[in-house]
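Make a model of the complete structure from these sequences and hints.
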Amino acid sequence: MASTTKTSASQAKDDGERSGLAKNWRSWLLAVLLIAGVVVAVLHWGDVKKFADLVAHAKPLWLLAAAGAQLLTYVALARQWAVVLRAGKCRAPFGKLLGLTVAKHFADQMVPTAGMSGNVVVVDRLQAIGADRPVALATLIMTIIAYYASYG
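Here the sequence shown is numbered in our numbering, starting from 12 and rising by one per residue.
Derived by calculation from the structure, the hints in this document are not laboratory data.
Certain hints may be false.
Unchecked claim - Each pair of labels, with its calculated beta carbon distance range:
#: 1; residue 1: Asp143; residue 2: Lys60; range: 45 to 53 Å
#: 2; residue 1: Asp58; residue 2: Arg102; range: 17 to 25 Å
#: 3; residue 1: Gln138; residue 2: Ala63; range: 34 to 42 Å
It should be emphasised that the depicted structure is a prediction, and the values quoted were computed from it without experimental measurement.
Note that CB positions come from ideal geometry on N, CA and C, so glycine has one too.
Encoded structure:
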């Protein structure tokens with residue numbers, strides 16, 4: 012009887028560990044993406060050297076202006092998401108939305124799937140923040156509409 016209890020307890024522990032790994036798949040995905048980024052950088056070391064040479068000869072004021080403009084795109088996208096989420100009666104912290112914009116763009120660049128990888132990250136993270144699935148999907152659809160409208 013005691014061995015049955017031990018076996019059940021160890022099996023429950025194993026099940027708990029497996030469900031913990033399953034719950035942390037997002038962390039694993041991020042780790043894989045980061046490793047892939049390092050591999051790409053190593054394979055394209057000549058490009059990295061060219062980039063470093065460009066940075067060395069660049070004007071700091073222009074680099075600062077470019078970094079500011081890039082930051083403004085992240086802020087604008089986070090603000091857009093906040094407006095749509097508010098309309099869906101979901102209050103998401105702006106800081107989390109801002110971080111999510113960076114994660115979306117990172118996923119879009121690391122996994123070349125025409126933006127789908129970033130879209131999956133957005134919907135998943137918005138649901139984790141507290142948005143209902145329809146609201147998260149509406150946020151994504153508004154992002155896509157705004158993206159194509161900006162080219163129009």
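Comparing the hints with the structure gives:
no.	hint	result
1	Asp143 to Lys60: 45 to 53 Å	holds, 48 Å
2	Asp58 to Arg102: 17 to 25 Å	violated, 42 Å
3	Gln138 to Ala63: 34 to 42 Å	holds, 40 Å
Going down the numbered hints, you'll see the structure goes against just number 2.
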